[in-house]
Amino acid sequence: MFRTCDITGFKVDLQSEKLIRYNAVVSVVSLLLAVTAALLLVFTRYQPVHLLNAEWYYRLVTFHGLNALIFWIIFFEIAGLYFGSTVLLNTKFCSPRWGWIAFILMVAGLVMSNVIILMGKADVMLTSYTPLKAHPLYYLGIILFAVGALIAVALFFGNLMIARRDNTYGQSLPLVVYGLMTAAIIAVITLASGAIIYIPTFLWSLGLVQNIDPAMYKLIWWGLGHSSQQINVAAMVSIWYMTSFLTVGGTSINERVSRSAFVLYILFICLASAHHLLTDPGVSSAWKVWNTSYAMYLAVLASMIHAFAVPSSFESAQRRWGYNKGLFQWLSKAPWGNPGFSAIILAIIGFGFIGGTTGVIFGMEQTNIIVHNTIAIPGHFKGTVVIGTTLTFMGITYYLIPLIFRRKIVGFSWAKIQPWLFFIGIALLSISMIVLGQLGVPRRHWDSTFSGGPFTYNFNPAVDFFWALMMLGGVIAFIATLIWILIVVISVFWGPKVNGPQDMQLTISPLAPAAKEHKGYEAPGTLVLTMIFLLVFLALFFLNWKWLAATWNVN
Amino acid sequence: MENDKQPEEKKIPFSRMIMDDYMLLMFLGVTIYAIFYLLWGVMELSNLPAIPEDIKNALLK
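Those protein sequence lines, which keep their order, are chains A and B.
If you're matching positions, the first sequence starts at 1 in the working numbering and goes up one per residue.
If you're matching positions, the second sequence starts at 1001 in the working numbering and goes up one per residue.
Keep in mind that the hints were calculated from the coordinates and are not lab data.
Keep in mind that the hints are not guaranteed to be accurate.
What the hints assert, rightly or not - Using C-beta positions, here's what the derived DEER-type ranges look like:
id, chain 1, residue 1, chain 2, residue 2, range
1, B, 1015, A, 55, 50 to 60 Å
2, A, 286, B, 1058, 41 to 51 Å
3, A, 280, B, 1035, 14 to 24 Å
What the hints assert, rightly or not - Going by beta-carbon spacing under 10 Å, a handful of chain B positions derived as facing chain A:
id, residue
4, 1016
5, 1020
6, 1023
7, 1033
8, 1036
9, 1042
10, 1044
11, 1046
All residues carry an ideal CB built from backbone N, CA and C; glycine is no exception.
Taking the hints into account, I'd like the entire structure generated from these sequences.
So this is what it looks like as structure tokens:
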């Protein structure tokens, strides 16, 4: 059963649409759980308030990590995979029954793990490093979720096969679906690593396996833990390309190069998991350097390609629409009143300048040592997963509400400011955490003053300022997330119905016209912005080497 | 008709054929990760010498 979308013209499989809706709704619930815990954690780490006791602090660190990094993200990505493989390819869903089985398994896993954590039987944090042991149902919950997610990924490939058989697209997948296919392949690697480590750990928690080697656990677990965040990167970049198309009718100025960048992700990005073992003595320097430098830089190259290709697709389209004046008229005349557009542009800026720069610097064996196991590390991934992926998912949801849920966006004026508020909040939070980490503040620590302990440490007085700034950023980001959740929930359940293009509050641009004549660079403004980015990166790079030299005076 | 199709199919560049074959890409992605990250890492950890019994006992005391 299909309906034809009166706004986009796409054929939408009704079963697929239902699955997309349900997965998206559960992802929003997971985000609400994650941010509620996050606010309590921020007020605990801020020493003058120190809200929770130690037990509840570690309990909610586990709860927050699992809901934010796994449940919110993966439920949303499954919705994205179904959308990309059926709606964008004009094809039917290969097996709705298995789609529902996958969904039920994932929800069962979410409920089981969360209940066990809140009961205080799994205070092991997201990494659950052995010999820390949680209740068997905690591991079983994660296994059920992973099996469900793996079935969903298999269904995505099933949909691609049907689309190919029915010849619903040309020779190659559309670029957006190609990026989602990249995300799906990375998901296979991720979930396979999860199965390899969580099944024996589950048996160990039942007493059926004697011992889980902690070093081996850590190695394989990070194949899941870090690679799962690479699914986000691929999915996020795909949405960036899609937003360029939706908002200004832009396409990559060199699609082949963009596809090659996705291939580099498939081949090399998962090796970056080795960052987490940079101070582990069990693996050799050769293993560390190969996996975090030589091979991984090919994935960094891919990100650099996308960092140029996505903004240049916006610029090129805007110039073809006539916004040709100077270097940046295309940017000043961009549809900033469209929250889908502003969210994605802010996500690109935050991901590049905060998450990307720190990712490369913290990923190097030498400079990693300055911040290893400090609060700078979660600060870095606030700059990738939160300001990058989460803001991107928030932005594209503004399009999903009318196109998939067929409702108007309620509180549209709030929707316009929400991405900005979220960006400011997370940027403050993330940068403060990175600076605190550079000043030596540890991560995952209930009391970083070590009060009552045999050793004390006097932090630089600047630390107090950045703690306050971090708290401020956390509160702003929390408010922005609540605004987004309220907009989504009220719109989806009680919003006025969309009856046609006249009810569409966001623009869906036609394809930008072909260029009349071509002189010089196609996207000079993006080239300048990219150079600014590279200069910032170089400055931070050398600053970190300078800090390293100051930390360890080698003569 | 078949003769008409054949030259068309030949025109597809090899690199594009590779890039369009998502099963091959999945195989390559999984293999590279399995060899360089997983197997190499597991091999190194497996070859670590066991902690001498007397040191182990002293630590566990």
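Given residue 1036 of chain B as an interface hint, is its Cβ closer than 10 Å to any Cβ of chain A?
6 Å, holds
Supplied contact hint for residue 1033 of chain B, tested at 10 Å Cβ to chain A
5 Å, holds
Hint check: 10 Å Cβ-Cβ cutoff, residue 1023 of chain B to chain A:
With Cβ-Cβ at 8 Å, under 10 Å, it holds.
Just to be sure I understand the hint, the distance between the Cβ atoms of residue 280 of chain A and residue 1035 of chain B should be within 14 to 24 Å; is that true here?
20 Å, holds
Please check whether residue 1016 of chain B passes as an interface residue: C-beta within 10 Å of a C-beta belonging to chain A.
7 Å, holds
The hint says 50 to 60 Å between residue 1015 of chain B and residue 55 of chain A; measuring C-beta to C-beta, is that right?
56 Å, holds
Was the hint right that residue 1020 of chain B lines chain A, CB cutoff 10 Å?
5 Å, holds
Chain A contact restraint for residue 1044 of chain B - C-beta distance below 10 Å
Hint on residue 1044 of chain B: holds, closest Cβ of chain A at ~5 Å, below 10 Å.
Against chain A, with CB atoms and a cut of 10 Å, does the hint on residue 1046 of chain B hold up?
Holds. Min distance 8 Å.
Check the following: the C-beta atoms of residue 286 of chain A and residue 1058 of chain B are separated by a distance inside 41 to 51 Å.
Taking Cβ atoms as reference, residue 286 of chain A and residue 1058 of chain B lie about 32 Å apart, which means the hint is violated.
Grab the minimum C-beta distance from residue 1042 of chain B to chain A and call the hint holds if it beats 10 Å, violated otherwise.
Residue 1042 of chain B check passes; min Cβ-Cβ to chain A is 7 Å, inside 10 Å.
Violated hint for the displayed structure: number 2, the only one.
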